[in-house]
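This is what each chain is made of:
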Amino acid sequence: MIEKAATAEKRPLTHTELTDIIDLCLWAGQMLLQHGANSLRVEESVHRLGTGLGCNWLDIVVRTESLTITATSGDEFRTKTRRVVRLGINMGRITDLNNLSRRVSEGQLDRFQARAALEQIDRQPGVYNRWLVVGMVGLACAAFSRLFGGDWPVFGVTFVATAVAMLVRQELVQRQLNPFLTVAASAFVAGLIASSAAWLQLSQQPQVAMSASVLLLAPGVPLINAAHDLIRGYMSNGVTRGVTGLLISMAIAVGLLLAILLTGAGI
Amino acid sequence: MNGWLVAQDLLWSAVAALGFAVMFNVPRRLLPGCALAGGLGHALRAVGMELGLPLEVATLVAATTVGFLSEWLAKRYQSPRIVFGVSGVIPMVPGVLAYQTMLGVFELAGLINLSTDPAADELVRTAVLGIKTGLVLISLALGIIAPNLLFRRQQPVV
Chain A
1 MIEKAATAEK
11 RPLTHTELTD
21 IIDLCLWAGQ
31 MLLQHGANSL
41 RVEESVHRLG
51 TGLGCNWLDI
61 VVRTESLTIT
71 ATSGDEFRTK
81 TRRVVRLGIN
91 MGRITDLNNL
101 SRRVSEGQLD
111 RFQARAALEQ
121 IDRQPGVYNR
131 WLVVGMVGLA
141 CAAFSRLFGG
151 DWPVFGVTFV
161 ATAVAMLVRQ
171 ELVQRQLNPF
181 LTVAASAFVA
191 GLIASSAAWL
201 QLSQQPQVAM
211 SASVLLLAPG
221 VPLINAAHDL
231 IRGYMSNGVT
241 RGVTGLLISM
251 AIAVGLLLAI
261 LLTGAGI
Chain B
268 MNGWLVAQDL
278 LWSAVAALGF
288 AVMFNVPRRL
298 LPGCALAGGL
308 GHALRAVGME
318 LGLPLEVATL
328 VAATTVGFLS
338 EWLAKRYQSP
348 RIVFGVSGVI
358 PMVPGVLAYQ
368 TMLGVFELAG
378 LINLSTDPAA
388 DELVRTAVLG
398 IKTGLVLISL
408 ALGIIAPNLL
418 FRRQQPVV
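Protein chains in written order, with the numbering used here: chain A, 1 to 267; chain B, 268 to 425.
Honestly, the hints are just simulated from the structure, not real lab data. Incorrect hints may appear among the rest.
Example chain A residues on the side facing chain B (calculated, C-beta under 10 Å, incomplete) [to be verified]:
| no. | residue |
| --- | --- |
| 1 | G135 |
| 2 | V137 |
| 3 | I224 |
Anything over 12 Å on all C-beta distances counts as not near chain A; from chain B, calculated [what the hints assert, rightly or not]:
| no. | residue |
| --- | --- |
| 4 | N269 |
| 5 | D276 |
| 6 | L303 |
| 7 | F335 |
| 8 | I398 |
| 9 | F418 |
Stretches of chain B that chain A covers, calculated by requiring three or more beta carbons in the stretch to come under 8 Å of a beta carbon on chain A [claimed, not checked]:
| no. | stretch |
| --- | --- |
| 10 | 290 to 302 |
| 11 | 316 to 324 |
| 12 | 402 to 416 |
Remember, predicted model here, so these are calculated numbers, not experimental data. A virtual CB, placed ideally from N, CA and C, is assigned to each residue, including glycine.
All chains, full assembly: derive it from the sequences and hints.
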């Protein structure tokens, strides 16, 4: 018995309904934040979801590590905060959640169907198996080495270095090591293997292999989101994301430095 | 720059964009769009630089094109813009510049020893590399959200 979001007059929700809806909104917002959506998208999607499910208004405070929502309906209102941890980019989930909030705001789903849909999105495993990801990421960074003017031996070395670094990263992420340490360790492994281009004398341009094989760790999404947030007026989130990106870059540098010091390569 | 070189550039950057899209768990049906955006963006930048544009400006032009392309792809495939935008600019991320900046910093700190130039030259070179890295990154971000900034001014949903 959900009313269309477009209708101006909405039936006041009961306390239970409001509790349920704010819970759904927090869940959706939490997933969006965890998987790499920018602040504006989180706020808009959550707002659409909440008003689509029958609230008159939602005030949403988006921070990079927590989410607070006040939902209003009639004379009732409820406020809840949820902690947001873990960062792993997952565009598939962002796409699904985006579609969900659109369908809800068009009045296609009530709150029970929305909960079922959210449960399904939350349960969904990654689209690609880990070995395919390892291979594709290896190929991507090897392609980078070509763009940077590397020769074919460098292409091969970069592929192997990146693929192994990706495996290391997957393992460490699974073991929930600190994200910066994970990046530093992966960069170290990538640098170590990439430097073989120098000490096996496979190529004259080991520096191309070194720089291309750590690109899988480059904080592209945090930095792009940082700029987006700053321009869109989410100042503190923009600064936070920017600093995160900077720290990740520094972690890459530390890992590489260790590899360079150990092997003497990298010039 | 002849057509063959541009085609090669396009191919390799499309592969790079595709690989990152897979890592970001982009749904299968959106992968071709990501590869297209990545390939076109980087090839366009290469052409721009060949025509004499500075790296940063060529990047801004190419990233803005990727931004508009993502807008169109997002409408076509009913999906968030960011999927195509991020995958599309990934090939343009200044990896080598960042790497050289980092080496310069370590050199200045005396951790590694690559050149015998005076420290002052070293400092200037590293600073220039760092500034370029930053400017390219800003160009990328501005380019992706350009359509959003220019044409979606005020319709406050929130």
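A quick look at each hint next to the structure:
The interface hint given for G135(A) is met, as the beta carbon of that residue sits about 9 Å from the closest beta carbon of chain B, less than 10 Å. Below 10 Å, beta-carbon pairs count as interface contacts, and V137(A) has one with chain B at about 5 Å; its hint therefore holds. A distance limit of 10 Å between C-beta atoms decides the matter here; for I224(A) the minimum to chain B is near 5 Å, and the interface restraint holds. Every Cβ of chain A is farther than 12 Å from the Cβ of N269(B); the closest lies at roughly 16 Å, confirming the non-interface assignment.
The Cβ of D276(B) does not lie farther than 12 Å from every Cβ of chain A; its closest approach is about 7 Å, which violates its non-interface assignment. For L303(B), the non-interface assignment is confirmed: its Cβ lies about 15 Å from the closest Cβ of chain A, beyond the 12 Å cut-off. Distance check on F335(B): its Cβ is at least 16 Å (rounded) from any Cβ of chain A, clearing the 12 Å threshold; non-interface status holds. Non-interface status of I398(B) relative to chain A is upheld: no Cβ of that chain comes within 12 Å, the nearest being about 15 Å off.
Interface exclusion of F418(B) from chain A stands, the closest Cβ pair being 14 Å apart, more than 12 Å. Coverage of the stretch 290 to 302 of chain B by chain A holds. Counting CB-CB distances below 8 Å, 7 residues qualify, and the rule asks for three or more. As drawn, the stretch 316 to 324 of chain B meets chain A at 0 residues by the rule of a beta-carbon pair under 8 Å; below three, the given contact is violated. Requiring three or more residues with a Cβ within less than 8 Å of a Cβ of chain A, the coverage given for the stretch 402 to 416 of chain B holds, as 8 such residues are present.
Checked against the numbered hints above, the structure breaks hints 5 and 11 and satisfies the rest.
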